[in-house]
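**Student:** Chain by chain, the residues run as shown.
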Amino acid sequence: MHVTSREFGSNARAAVADANLRQSLATMKTGFRARRAEAVAALPEFEALRDAGKAIKDHTLTHLDHYLERFEAKVTESGGHVHWAGDAEAACRTVIGICRAHGARLVTKGKSMVTEEIGLNAALEKNDIDSVETDLGEYIIQLRKEQPSHIIAPAIHVRKAEVADLFREHHLEFDAGRPLDEPRALLDEARTVLRERFLSADVGITGANMLVAETGSAVIVTNEGNADLTQLLPRVHVVVASIDKVVPALDDAATILRLLARSATGQVMSTYTTLATGPRRADDADGPEHFHVVLVDNGRSRLLGSPFQDVLRCIRCAACINHCPIYGAVGGHAYGSVYPGPIGSVLTPALSSVEEAGSLPNASTLCGRCEAVCPMKIPLPRMLRQWREEEVDRNLTPESARQALGLWAFAARRPAVYRFGTAMAGRLLRLMAGRRGRVRRLPFAGAWTRVRDLPAPEPGGSFMSRYKSGKEQ
Amino acid sequence: MSSPARESILSNIRAALGRPAEPDPTDDAGAAEPARSPVAPVIPAIAHGTHAELVARFITNAEAAAATVSRCAPGDVGDAVAQYLAGIGLPLRAMVPPDPRLDGLDRDSRFTLDRRAAPTADDTVGIAHALAGIAETGTILMASGPASPATLNVLPETHIVVLRASDIVGGLEDGWSRLRHAHPDGLPRTVHMITGPSRTGDIEQTLQLGAHGPRQLHVVLVDDGADGQGA
Numbered sequence: 001m002h003v004t005s006r007e008f009g010s011n012a013r014a015a016v017a018d019a020n021l022r023q024s025l026a027t028m029k030t031g032f033r034a035r036r037a038e039a040v041a042a043l044p045e046f047e048a049l050r051d052a053g054k055a056i057k058d059h060t061l062t063h064l065d066h067y068l069e070r071f072e073a074k075v076t077e078s079g080g081h082v083h084w085a086g087d088a089e090a091a092c093r094t095v096i097g098i099c100r101a102h103g104a105r106l107v108t109k110g111k112s113m114v115t116e117e118i119g120l121n122a123a124l125e126k127n128d129i130d131s132v133e134t135d136l137g138e139y140i141i142q143l144r145k146e147q148p149s150h151i152i153a154p155a156i157h158v159r160k161a162e163v164a165d166l167f168r169e170h171h172l173e174f175d176a177g178r179p180l181d182e183p184r185a186l187l188d189e190a191r192t193v194l195r196e197r198f199l200s201a202d203v204g205i206t207g208a209n210m211l212v213a214e215t216g217s218a219v220i221v222t223n224e225g226n227a228d229l230t231q232l233l234p235r236v237h238v239v240v241a242s243i244d245k246v247v248p249a250l251d252d253a254a255t256i257l258r259l260l261a262r263s264a265t266g267q268v269m270s271t272y273t274t275l276a277t278g279p280r281r282a283d284d285a286d287g288p289e290h291f292h293v294v295l296v297d298n299g300r301s302r303l304l305g306s307p308f309q310d311v312l313r314c315i316r317c318a319a320c321i322n323h324c325p326i327y328g329a330v331g332g333h334a335y336g337s338v339y340p341g342p343i344g345s346v347l348t349p350a351l352s353s354v355e356e357a358g359s360l361p362n363a364s365t366l367c368g369r370c371e372a373v374c375p376m377k378i379p380l381p382r383m384l385r386q387w388r389e390e391e392v393d394r395n396l397t398p399e400s401a402r403q404a405l406g407l408w409a410f411a412a413r414r415p416a417v418y419r420f421g422t423a424m425a426g427r428l429l430r431l432m433a434g435r436r437g438r439v440r441r442l443p444f445a446g447a448w449t450r451v452r453d454l455p456a457p458e459p460g461g462s463f464m465s466r467y468k469s470g471k472e473q
Numbered sequence: 001m002s003s004p005a006r007e008s009i010l011s012n013i014r015a016a017l018g019r020p021a022e023p024d025p026t027d028d029a030g031a032a033e034p035a036r037s038p039v040a041p042v043i044p045a046i047a048h049g050t051h052a053e054l055v056a057r058f059i060t061n062a063e064a065a066a067a068t069v070s071r072c073a074p075g076d077v078g079d080a081v082a083q084y085l086a087g088i089g090l091p092l093r094a095m096v097p098p099d100p101r102l103d104g105l106d107r108d109s110r111f112t113l114d115r116r117a118a119p120t121a122d123d124t125v126g127i128a129h130a131l132a133g134i135a136e137t138g139t140i141l142m143a144s145g146p147a148s149p150a151t152l153n154v155l156p157e158t159h160i161v162v163l164r165a166s167d168i169v170g171g172l173e174d175g176w177s178r179l180r181h182a183h184p185d186g187l188p189r190t191v192h193m194i195t196g197p198s199r200t201g202d203i204e205q206t207l208q209l210g211a212h213g214p215r216q217l218h219v220v221l222v223d224d225g226a227d228g229q230g231a
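In order, the protein sequences belong to chains A and V.
Residues in the first sequence are numbered from 1 upward in steps of one, following the numbering used here.
Residues in the second sequence are numbered from 1 upward in steps of one, following the numbering used here.
Derived by calculation from the structure, the hints in this document are not laboratory data.
Treat the numbers as computed from the prediction; the structure is a model and nothing was measured.
Quick reminder that beta carbons are idealized off the backbone N, C-alpha and C, glycines included.
Don't take every hint at face value.
What the hints assert, rightly or not - To give a feel for the contact side, a few chain A residues facing chain V, derived at Cβ under 7 angstroms:
id, residue
1, L180
2, P183
3, S200
4, N226
5, D228
6, L250
7, A285
8, E289
9, R438
10, V439
Unchecked claim - Quick list of simulated restraints, FRET-style, between CB atoms:
id, chain 1, residue 1, chain 2, residue 2, range
11, A, P44, V, P34, 54 to 60 angstroms
12, V, A21, A, A19, 54 to 60 angstroms
13, A, R105, V, T120, 49 to 55 angstroms
14, V, Q83, A, R22, 47 to 53 angstroms
15, A, A73, V, S177, 21 to 27 angstroms
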């Protein structure tokens, strides 16, 4: 997984200065957040569903080997093939092998986070296989050569005028003077361009929202219908899915479906929930002749039994992202990972390393909204703290921060020293603040005072000293 | 289907879960492993009701998802389809798969029907028959087969679905029951659960109907009597 999370600090500073981005991110409040709240309020059973969803995933994870084998047997029984891939490279190699075996030149793709994680598009390109993203948001960022900035709205950071410029640059077959001011016109143009690709693709690659062990089906949820055209029109359908996507039975899938769309977009159901089981049957009118499932581990099996096992319950609805104040301020690209927001800050160090992605668990106020809205009740704040602890344990925090904390710990254990220190600091700060009553620049805390002033402490001493003098009166 | 990657992933999982790397073949425990999760499904109240309530709820929810619905008597499917197409200014021309449940349309001389196994990209109107409707969500359930092409659900710009009122069920689990009943030997290749016409919010979170799939979805709801299979 390509991770550039070390630059979170500078990325975040650039992001908050980006007016376009702020405008884009503001839509989340009236969009995703308001619609989710409405959908949840309309379903009295939502809390009970969260408990059931969590229980289903917990059960599945503790029997993961069993359900994966069951799923594999069912896929094979229905005429499909299951491939296992330990890491990203093996997964890409497997997909390329399937494409080569079918002589594929053009591949269409449904939106899939795991294929972003394993860098599949780059791998296909390197092997001279043309790969076209068909989800509108993914198509836009593919043309822009970017990573998604949101797991369900990959192009949330792009304004419509930028999409228009992009389409003019790439869709040269259209009249240069055509109007592209409205989202409708942009969508219609993308529909026309991608229709032709759907019809000529040799292989269709999708992800899966769930894999059903009972039936050997891949459940694929979309609103655009692009994943359906992707899987139904070419001769070959390849599903790439991580091992944590398996659920035992269709009834379990129903519970998770009730949570998924409501948590994601506030819909009761997404437009298309499609169960793909094997290749087309002998007498079927249409559908792919070959069906492959690539099961990707890529670091997940080592999370089982670890303090991070609960993150494998994630159904990628993005509710935590939509409600995160940090994501809302900096957007997805600042995280330097295909998984942004709270889930990304927990998952990225787990799938790469805390050395590479340790800045992400620190990019949180630990306000707890992510856990409160998570349909799978994943204790994200606890896991963010856990990563911070690991960071300290491995001596990865900056030297200055460790020294400062050491100094504080020294004083905190010695009340007299602590009281003396705070009294001196209070006086010093008041002195520095002068008549304005605000400290403009504070040594050793330059990052903090660069964007705001520090109000000076009130005169009259600390709470402790005032409490004491009150008692003496 | 044994590969080194497979064995290594499964043994990593077993080790992490504190189980032996290879399941002991003499141990019968594998057979006792559950077929499904022991978690009881939470079925919302909106999935329950009298059949009339479920039909009404199906219509409300389908319309909330931007589908349109018209109701008709079993003999009047042609009229309902004609009325709908005329209403949106389209000629009475459609691609219809060889599904015998749609044979009635052949006898209606107003239509020009292309009866073919599967649609092409040039078919702008497609008519299909649903396996079931789910009241809880306003969803239609479509099962692929020799006479019901799955591409018909996503290729045409206008998707017309004939649904018998007696096929409307309460919740998602009732939909699965219908599927298992109709396909006792395993699921068909493609099961589509469709809730409204295709859409996207990918450009500035502005909802647009008609993304890659149909721009409009119309359900012709046939009142065949609540418990009958008459149509």
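**Student:** Taking the hints in turn, state whether each one holds.
**Tutor:** Each hint, compared with the structure:
1. L180: It is violated, given that the least Cβ distance between L180/A and chain V is near 11 angstroms, above 7 angstroms.
2. P183: With a closest approach of 4 angstroms, the P183/A hint holds.
3. S200: violated (11 angstroms)
4. N226: holds (4 angstroms)
5. D228: Hint holds; D228/A Cβ to chain V Cβ min 4 angstroms, cut 7 angstroms.
6. L250: holds (5 angstroms)
7. A285: This hint holds: A285/A lies near chain V, its Cβ roughly 4 angstroms from the closest one there, short of 7 angstroms.
8. E289: violated (11 angstroms)
9. R438: R438/A check fails; min Cβ-Cβ to chain V is 39 angstroms, beyond 7 angstroms.
10. V439: violated (41 angstroms)
11. P44/A to P34/V: 54 to 60 angstroms: violated (29 angstroms)
12. A21/V to A19/A: 54 to 60 angstroms: holds (56 angstroms)
13. R105/A to T120/V: 49 to 55 angstroms: violated (22 angstroms)
14. Q83/V to R22/A: 47 to 53 angstroms: With Cβ atoms ~49 angstroms apart, the hint holds.
15. A73/A to S177/V: 21 to 27 angstroms: Cβ of A73/A to Cβ of S177/V: about 23 angstroms, so the range 21 to 27 angstroms holds.
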